[in-house]
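Just so you know, the sequences run in chain order A, B and C.
Counting in the numbering used here, the first sequence tops out at residue 1231, every number present.
Counting in the numbering used here, the second sequence tops out at residue 289, every number present.
Counting in the numbering used here, the third sequence tops out at residue 472, every number present.
Simulated from the structure, these hints should not be mistaken for laboratory data.
Mixed in with the good hints, there may be bad ones.
Unchecked claim - Dumping the calculated BS3-like pairs for lysine-lysine here, alpha-carbon to alpha-carbon at most 25 Å:
(1) A:Lys1102 to C:Lys94
(2) C:Lys461 to C:Lys243
(3) C:Lys461 to C:Lys309
(4) C:Lys317 to C:Lys461
(5) C:Lys318 to C:Lys461
(6) C:Lys358 to B:Lys257
(7) C:Lys166 to C:Lys243
(8) B:Lys246 to B:Lys58
(9) C:Lys358 to B:Lys94
Just so it is clear, the structure is predicted and the values come from calculations on it, not from any experiment.
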Amino acid sequence: MRDMPKILLGLLIFVLLALFPVIYNAVTADAGTPPDLVIETQNVPGKSDCVIPGEEMRTKHMDMLMEWRNDVVRLDDRYYHDDHGRTFEKSLTNTCLDCHSNKDTFCDRCHTYMEVDPYCWDCHVIPQELEGGTR
Amino acid sequence: MIIDRRKFVRAAGLGVLATAAAPATKLLAEEQLVTDHSGDMPLKQPKPLTAKRWAMVVDTRKATPENVQKAIHACHHEHNVPEFDNSKDEIKWIWSEHFDHAFHEQDLHYIPEHTKHTPTLLLCNHCDNPPCVRVCPTEATWKREEDGLVMMDWHRCIGCRYCMVACPYGSRSFNFRNPREFIDEINPGYPTRMRGVVEKCTFCEERLARGKMPACVEATQDCGMITFGDLEDPNSDVSKLVRKHFSIRRKPGLGTQPEVYYIVPDDPEEHDEPTAHGEEEHS
Amino acid sequence: MIENALKGGKGYWTWIVILLAIIGIGALAWVRQFTVGLTTTGLSRDVTWGFYIAQFTFLVGVAASAVMVVLPYYLHNYKEFGKLTVLGEFLAVAACIMCMCFIFVDMGMPIRIPNVFIYASPHSMMFWDTVVLFGYLLLNILISRVTFQAERKGIKYGKWIKPFIILSIPWAISIHTVTAFLYSGLAARPFWLTAVMAPRFLATAFAAGPALLILIILLIRKMGTFDAGKKAIGQLSIIVTYAMAANVFFVLMEIFTAAYSDMPEHLNHFKFLYLGLDGNTTLVPWMWASSILAVISLILLFNPKTRKNFALLGWACVMVFFSIWIDKGMGMVVTGFTPSVLGDVVAYVPTLNELAISLAIYAGGALIVTLLYKVALDTRARMAA
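Bound conformation, chain A alone:
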């Protein structure tokens, strides 16, 4: 019992240390500037032309890609029919990257900002990077 103050002090130091990153960010309060996403590719026909609305895509694309991947690889279900009756091949490189051919100014900017590192590109080839070398 007489150790109580020591224990409490130790606990406090631990909690402060554990929460340091959170506190640091709260105090410095700079979330950085959200990235400026560019869809500058010639392939994009119109703004609302993505397979689902852009707003939704922002939060859902990772799940959707996982779902597509599963469908194609495991279920041999290769085509996606959207609400407008359009049909797309469920393919990151053949469908998504067809419009978003500027991976560096579209995918990468946001992923860098969010500090996520999807490993899709470890295997899936970005055709533009093959051709241009820099892109």
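Use these hints to put chains B and C onto chain A, whose structure you have.
For chains B and C alone, kept in the frame of chain A given last:
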């Protein structure tokens, strides 16, 4: 031409905005969007090739070093198979061995020299009863029930290599290191793999889905060394071939039921024209 | 109780620092393997499993051997083992953790290991091996903790733990049986395709595990911390004797079957082990060393005079341990791949990187055993004082 149509659609879109309230016009606009998309994107769903049980017949009588190389190169290029300068890291989906080595358990001692050295293509047998599938702890490799292909999911494989231990044919390879820099010319239409996963021939499931024959079959079309088709269909080429000729499979005694059949090489002196002449004689 | 691990003399701390240094070096080697790939090992397309999986297999045996002190005490009320059960269980805990580490470092995609549970595949023996090994680890942690807490308080352990103890006995058998099934159910590998695989694994386990336990007990006895008693050590040595005899018997049966049937696909593997095949004699000296150690150890063990001499018993146990380690830890796995499925002899030698990682895992196991034994034995010493 594509640009023109796109312009047209944009104009149509603006038109929709102008007459925003009219549902009929909106419908029309949407329909045009559909048209647009099916025009400039490869949206025509190709008719896939299907079968109840895919099988392959390799006619070793037509196997020359050149033909065999054609098949190997077509496959390895198509699937981004890396080429290492050492056998330790080696990856191969389809490769060639001398006939007596490919069927080493037959102890083929007293057969014609020519037959012994006939280049014989080896690849995944897509067994009916695949031991690799049985041992996989994550179902990263599995048997597709519809057509019998032994499939691979490189997103799921944990790289335990148990399937390689269980495969009696040595058909599987492991990525001991990152393969990308060892691929001469990357085919953007197919993924590469990461270090740490197992890979093998898939009977070109991705090509079948697009209505195309496997790469090795297509590459050797002229000589007809490899025939691919549905063994459940009595009228398919593979069915006809195995009915007509004496063919063997690798290690049939293990009960795996391999689906790659080999028409055995025979003495070249008897068959100057292996195809026509030989077939007549046997039937 | 746990604070005992932090109090020790110079020797104790030197030992701990040495172990930590070995673990550190191994960790660096593993980082290299993780970033570059398994090309840093000696493994290849033809020899796909090697040193790691072999150590795993050997250590499953060590883990299972705890049953050899647990069973006589709890089922037959053999009192002499009363103080030993917890030591056996601690050894099992360390061995289980080492097993898991060896599996972990052998995976091409270690971060995907949870897939084994997410996509549980009961048709795979590897799935079952993971399940029984995890279960065995948990059982031993639970049982050793509960029984030792009771001992410390000077009371009898709660009745509720008894079913878990009883369960741990067949469970120990199961971990090594399922590990044998990993190998013995493969048509592709004639060397492993033998019904005697599981019984032989158990025989080697019940020889090598208790031999290791005897060695540790003799060492502790010398250090003066704890004396298990002549009777207990004597009984353990008899277990080692008969298990080793059974192991040698099984080996001879294997060799007879392969040699007399004279089927190349079976015999070639034994030729590779004991005579060399296609000019490859990598394992030959090792396997003969293993055989000679086995024979000498059996002579020492069967003779009551030498068996009861603790110095000679110690040496016999060292021989048993290394004879079995060579057989399982070096010969058994690699020979399954030699000759390969295409009949080729492909050489395999573990690389330094591979050995550094393996040594680090063994050091980790030694560290766990040291800490657990220190805690237990110091507590006992204080209670006795």
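Are any of the numbered hints broken by this structure? If so, which, sorted upward? none
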